[in-house]
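J.: What follows is each chain in one-letter form.
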Amino acid sequence: DTAVSQTPKYLVTQMGNDKSIKCEQNLGHDTMYWYKQDSKKFLKIMFSYNNKELIINETVPNRFSPKSPDKAHLNLHINSLELGDSAVYFCASSKRGTARTDTQYFGPGTRLTVL
Amino acid sequence: AQTVTQSQPEMSVQEAETVTLSCTYDTSENNYYLFWYKQPPSRQMILVIRQEAYKQQNATENRFSVNFQKAAKSFSLKISDSQLGDTAMYFCAFMKLYFGNEKLTFGTGTRLTIIP
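Line by line, the protein sequences give chains A and B. The first sequence: position 2 = 245 (my numbering), numbered continuously. The second sequence: position 100 = 101 (my numbering), numbered continuously.
Just so you know, not all the hints are guaranteed correct.
Said to hold, decoys possible - Quick list of simulated restraints, FRET-style, between CB atoms:
id, chain 1, residue 1, chain 2, residue 2, range
1, A, I298, B, E62, 41 to 51 Å
2, B, T21, A, L297, 38 to 48 Å
3, B, Q84, A, D261, 40 to 50 Å
Claimed, not checked - Derived contacts from chain A toward chain B, CB cut-off under 7 Å, selection only:
id, residue
4, V303
5, K314
6, T346
To be clear, the hints were calculated from the coordinates, so they are not data collected in a lab. Bear in mind that the values here come from a model prediction, so they are computed numbers and not experimental data. Built from N, CA and C at the ideal position, the CB exists for glycine as well.
Let the hints inform the model, and build the full structure from the sequences given.
T.: Below is the structure:
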C-alpha cells in the first residue's frame, strides 16, 4: 500500500531522447509536486499542481512539461534530454489545510541518467 | 525569497549519544511551517518532524526534538540516543503558509553518520 509511487525508479537514456516519469498517490491528497535533486543533493521545487491546476512553475526549461490527468496522478515529460538533466526527480503530495495535512510526502525518487 | 542555511555539511557521533543539527532561515513571513526530512542511503525522503511557527512549544517525536527560536530564525534538530539507522542526510525545510505557494525551500543538508 505505497503512499506515493513513481515509475520508473531508474532511467538511463541518451541525450536528445524524450522520456516520461509517472507519479501516483493514494493518500487522497489534492496537491502534487515535482522536485529535482542535483548531484550535490540540493532539492528544488519544479512544479506543483492543485486539483489538476498548475500553481507553481519555477524557472524550469519548457522542455519539461508536467501533466496531471487527475488529482492522484502527476507525470513529468522531458523532451530533448540534456546531460544537465541527470538528477533524482522526486514526486510529492499534500493536502491543503493545516501543517499536519500540508506536510508533503515524497515518492521514492527516479534517478535519471543522461548519457 | 526565503533561504534556509545548514552550516554543518557533515557530522558524526557515537551510537547512543545525542547530536544536534543546526538550521537557520531567513524570511519576512510571520506564518510558516518548518520541517526536518531524513534521506537515508535508500534515497527515500522521510519526514522526521514538523513545527508550526505560531506554536511556541517545540515539537517532539520520540527521540527527535527541535529547538525553535522564532526571533533568531533558528530551527535545530536534536536526536537523542542515536541509533545506526539514524545515519542519513538531514534536510531542513521551510514552507510559507500561503495557498498557491506551498513549495518547500530546502537547506543544503547535513550528512550524519552514527558510529557503532
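J.: Against each hint, give a clear statement of whether it holds in the structure.
T.: Status of the hints after comparison with the structure:
no.: 1; hint: A:I298 - B:E62: 41 to 51 Å; in the structure: 29 Å, violated
no.: 2; hint: B:T21 - A:L297: 38 to 48 Å; in the structure: 39 Å, holds
no.: 3; hint: B:Q84 - A:D261: 40 to 50 Å; in the structure: 44 Å, holds
no.: 4; hint: V303; in the structure: 12 Å, violated
no.: 5; hint: K314; in the structure: 15 Å, violated
no.: 6; hint: T346; in the structure: 6 Å, holds
The structure fails hints 1, 4 and 5 (numbered hints given earlier, in ascending order).
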